[in-house]
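So the protein sequences, as listed, match chains W and H. Position 13 of the first sequence, counted from 1, bears residue number 13 in our numbering, the numbering being contiguous throughout. Position 220 of the second sequence, counted from 1, bears residue number 220 in our numbering, the numbering being contiguous throughout.
Hints may be right or wrong, so weigh each one.
[To be verified] Some but not every residue of chain H turned toward chain W, in silico, with C-beta under 10 Å: (1) Tyr148; (2) Ile153; (3) Asp161; (4) Cys163; (5) Val171; (6) Phe173; (7) Lys174; (8) Ala180; (9) Arg184; (10) Pro189; (11) Gly193; (12) Phe290; (13) Pro376; (14) Pro377; (15) Pro380; (16) Ala381.
[Unchecked claim] Straight-line alpha carbon distances no greater than 25 Å define the calculated PhoX-like cross-link-like pairs of lysine-lysine that follow: (17) Lys76(W) - Lys212(H); (18) Lys212(H) - Lys174(H); (19) Lys366(H) - Lys411(H); (20) Lys50(H) - Lys366(H); (21) Lys19(W) - Lys411(H); (22) Lys76(W) - Lys219(H); (23) Lys174(H) - Lys145(H); (24) Lys331(H) - Lys145(H); (25) Lys20(W) - Lys174(H); (26) Lys212(H) - Lys50(H); (27) Lys219(H) - Lys145(H); (28) Lys366(H) - Lys331(H).
Quick caveat, the hints were computed from the structure, so don't treat them as lab data. Note that the coordinates shown come from a computational prediction; the quantities given were computed from them, not determined experimentally. Glycine included, each C-beta is placed from N, C-alpha and C at the ideal position.
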Amino acid sequence: MDRAAVDDRIRSLIEPFNKKGAPIEDAATFAGDLEFDSLTVMDFVAAIEDEFDIIISMNQQAEIENYGNLVDAVHKLIAE
Amino acid sequence: MTEGISQAERPQVLEEKTGDLFNKFDAVIHTRQTLLDGGVEDPFGLVMEKVLSPTRAICNGRDTILLGTYNYMGMTFDPDVIAAGKRALDEFGSGTTGSRVLNGTYAGHRDVERALREFYAMDHAMVFSTGYQANLGIISTIAGKGDYIVLDIDSHASIWDGCALGNAEVVPFKHNDIEAMDKRLGRIPEGAGKLVILEGVYSMLGDIAPLKEMIAVAKRHGAMVLVDEAHSMGFIGPNGRGVAEDQGVLDQVDLVIGTFSKSVGTVGGFCVSNHPKFEILRLVCRPYVFTASLPPSVVATAATSIRKLMHSGAKRAHLWENSKRLHGGLKALGFTLGTEVPQSAIVAVIMPDLERGAMMWEALLKEGLYVNLARPPATPAGMTLLRCSLCAEHSSEEVETILGMFERAGKAVGII
Chain W
1 MDRAAVDDRI RSLIEPFNKK GAPIEDAATF AGDLEFDSLT VMDFVAAIED EFDIIISMNQ
61 QAEIENYGNL VDAVHKLIAE
Chain H
1 MTEGISQAER PQVLEEKTGD LFNKFDAVIH TRQTLLDGGV EDPFGLVMEK VLSPTRAICN
61 GRDTILLGTY NYMGMTFDPD VIAAGKRALD EFGSGTTGSR VLNGTYAGHR DVERALREFY
121 AMDHAMVFST GYQANLGIIS TIAGKGDYIV LDIDSHASIW DGCALGNAEV VPFKHNDIEA
181 MDKRLGRIPE GAGKLVILEG VYSMLGDIAP LKEMIAVAKR HGAMVLVDEA HSMGFIGPNG
241 RGVAEDQGVL DQVDLVIGTF SKSVGTVGGF CVSNHPKFEI LRLVCRPYVF TASLPPSVVA
301 TAATSIRKLM HSGAKRAHLW ENSKRLHGGL KALGFTLGTE VPQSAIVAVI MPDLERGAMM
361 WEALLKEGLY VNLARPPATP AGMTLLRCSL CAEHSSEEVE TILGMFERAG KAVGII
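The shape of chain H in the complex, shown without the other chains (with noise of 0.2 Å):
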């Protein structure tokens, strides 16, 4: 079956032909067929046959331990999850067949955005078709012609993306560096408008951004904010609005972008704002606009969701726990890894090469644990790494086991 999978996905190499259009990911293609001719199981074509439980899943016929999901919170099982989802599909149908502007806002559209007004207490929510399209479509919209973009640098494809799409001047910097930010941010001409884009958490690594210096930055130089919370959503700060919660700016923060494929377990993106004209973007938004809304039975899972992440201090204070006691015992065990200390449920294990990191990511299949393989360019510095993302819903005893598995797999790979 293993080899079956690799078999079908592996890319056949072609002659190649003047003026194919496909010539130009040759590059990719050979990597890829390196990578696969060297015998690895195909790290990029893993199929779940069957998912038993937020944190287990049989993976190419293996029971496997999940720690590469970003179900944080574990909710994509929770009962009254399903149950929302169930009598939503049952009352309403399993599509909208349209846009929010026209046919597609259903009762269900307008309560998730009501959850998030209460989740986030701000004055207004939008919801995507998904996270990317929130950063597309809001980065896109609001900076245009003659304004101006400074980001950071290791910003998420989406965000990229939204400026492409845009007409901004785009100005990125160092990755977290205040000084970097702050002069750019001074040698932009005066009236143009400025935004200025940073993430709670930078989803590679698992390390936060000063927050509270860079927002201040920001402000003195009169520019908007936007920070994408998606990896801290439901689990950093007191109410799980994220890092800019946590360190005690959020009201500082003019739109907040989040998504509900993470901790909330469903798939949709939004923004949340206190902006008084926020609700306009709605009618300009192309992203917004030009698409099919969510299923009523995604936005019923996702609202429910939301609720209930408004009261889980428990499970935050259990993820942290997990969060730790992985960081600490891999660190013990001699990985290198992307933070000094856990500063989210990210624990990133920095790999010598590709080679290697596929090799340890197969070996840690084997042993029954799915990581996520990661490798530029979606990574920084053309780092390779073995990302391990914690769900609340990992017990104690499976991060000792899966500690085990690291163990075992480092050393056979010749790693630790």
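So here's chain W without its partners, still in its complex pose (with noise of 0.2 Å):
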């Protein structure tokens, strides 16, 4: 799967998370840009991790702050 594919399905994902209806680009970061609050973030990862049957632990969270290191990080993760 290309990253665009990947890009296409997280952001079809987000949508009902995306509470404030906040433009999703690249640089959109989840705390500040999209205002995801823990809960929100967990179920949101959770989400994720069902549609692509992958883990994506703390560790790697820590590392994704807007949304564009997230398909990157999906992206990666399905290649391995």
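Using the hints, build the complex out of the two chains.
Shown next, in the form of structure tokens:
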């Protein structure tokens, strides 16, 4: 799966969590721009993990600050 | 006196300087300031001037019923426990001034570990200076680089800190969600070490874990299982060994973590296990090695208390009665509680927000009742809770008095 396809699938997954309707750009930060609290983050991460059948550990999550980082990380994880 | 306490604890608003490492706490300072400016007594600055019994103290100048301690079995004033502590003070002195692996293991430290082995009927017991350090030490030591820790998202801070101190991959799952745990375990790369961390009782809402089902899933995936039974030891299970015992799966648990600062009634932490290589942890576990051991009086009181808890069936039964009565009574008054039915000695009353939670807390304190005000980040889902924890020494009459206090305070604040 290429990066664009990963982006597409994550984009549709994020919709129910993006209650503010903030624009989803690579630079959009989860805590800041999207205003995700820790519970939302957990549910959102779980949704992605289930969709791609991967684990995004807390250690990996710590490196993910914005939407672009997330797409990159998932793209890398499914390639492994 | 009350004003004096609040004033002294009140943080001052200081001008912001760039490069001040304390600037990161400004949001917390602001929340606290707003709360105190509303005129409530500082919920996090309470002083007990005199402790009259496991269930009564003079708090901020008032005679107060204690419903917010972890003194579940009321052992803190047990005459045998006190006598053992005094004797140890006289015979062994006030402290050990050393590590367990150097000069800090006295006869009493060995004896309290023997008491724990008897209590749990397990082969090994290791005592730490606090329960926090027990989790910190065991988790960070056994789960290393390349291993995976799969844990409940509502785990206690000491569990999270144990994960942070180690180098394992940390994978949380939704609270008590067996399927979510199962899925995550299934995705772990083949050959990697796996540690599942669960708690018997989750202390914020007082709910228990479906350990029987969860441990079966963990074992199916070949994971080792650690269960923190801090809030169940002494009370839950036929012998007070905890939720795993109660659900008949204690023999499936690789490591049980517990504390002396709840039912046992002093301070200290421990891990018990049947693992054949367990004893090596004494040499490789840094939060065990690089700290002073518990004072002789503390281990003597703990050992005496633990042995008495083995034969405390009547007290356990009374504590269950108290928990059921308080839970049922509060529910009937119209309060929203953390669990549908009472599952432990903790009854959590859910407050609409921090402001009204603090008002209710203060109204109860003025009635003469102390409960814990719990708020984020300690609580799940951003909840503000008034957490009530019962004691086997609360009389049935006291529980009725407590319900009356809740009714008056709840109506005054407008929560019921």
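For each hint, the structure was consulted:
{"no.": "1", "hint": "Tyr148", "in the structure": "8 Å, holds"}
{"no.": "2", "hint": "Ile153", "in the structure": "6 Å, holds"}
{"no.": "3", "hint": "Asp161", "in the structure": "13 Å, violated"}
{"no.": "4", "hint": "Cys163", "in the structure": "7 Å, holds"}
{"no.": "5", "hint": "Val171", "in the structure": "5 Å, holds"}
{"no.": "6", "hint": "Phe173", "in the structure": "8 Å, holds"}
{"no.": "7", "hint": "Lys174", "in the structure": "7 Å, holds"}
{"no.": "8", "hint": "Ala180", "in the structure": "7 Å, holds"}
{"no.": "9", "hint": "Arg184", "in the structure": "6 Å, holds"}
{"no.": "10", "hint": "Pro189", "in the structure": "9 Å, holds"}
{"no.": "11", "hint": "Gly193", "in the structure": "14 Å, violated"}
{"no.": "12", "hint": "Phe290", "in the structure": "25 Å, violated"}
{"no.": "13", "hint": "Pro376", "in the structure": "9 Å, holds"}
{"no.": "14", "hint": "Pro377", "in the structure": "8 Å, holds"}
{"no.": "15", "hint": "Pro380", "in the structure": "8 Å, holds"}
{"no.": "16", "hint": "Ala381", "in the structure": "6 Å, holds"}
{"no.": "17", "hint": "Lys76(W) - Lys212(H)", "in the structure": "36 Å, violated"}
{"no.": "18", "hint": "Lys212(H) - Lys174(H)", "in the structure": "17 Å, holds"}
{"no.": "19", "hint": "Lys366(H) - Lys411(H)", "in the structure": "14 Å, holds"}
{"no.": "20", "hint": "Lys50(H) - Lys366(H)", "in the structure": "17 Å, holds"}
{"no.": "21", "hint": "Lys19(W) - Lys411(H)", "in the structure": "35 Å, violated"}
{"no.": "22", "hint": "Lys76(W) - Lys219(H)", "in the structure": "30 Å, violated"}
{"no.": "23", "hint": "Lys174(H) - Lys145(H)", "in the structure": "24 Å, holds"}
{"no.": "24", "hint": "Lys331(H) - Lys145(H)", "in the structure": "47 Å, violated"}
{"no.": "25", "hint": "Lys20(W) - Lys174(H)", "in the structure": "24 Å, holds"}
{"no.": "26", "hint": "Lys212(H) - Lys50(H)", "in the structure": "43 Å, violated"}
{"no.": "27", "hint": "Lys219(H) - Lys145(H)", "in the structure": "21 Å, holds"}
{"no.": "28", "hint": "Lys366(H) - Lys331(H)", "in the structure": "22 Å, holds"}
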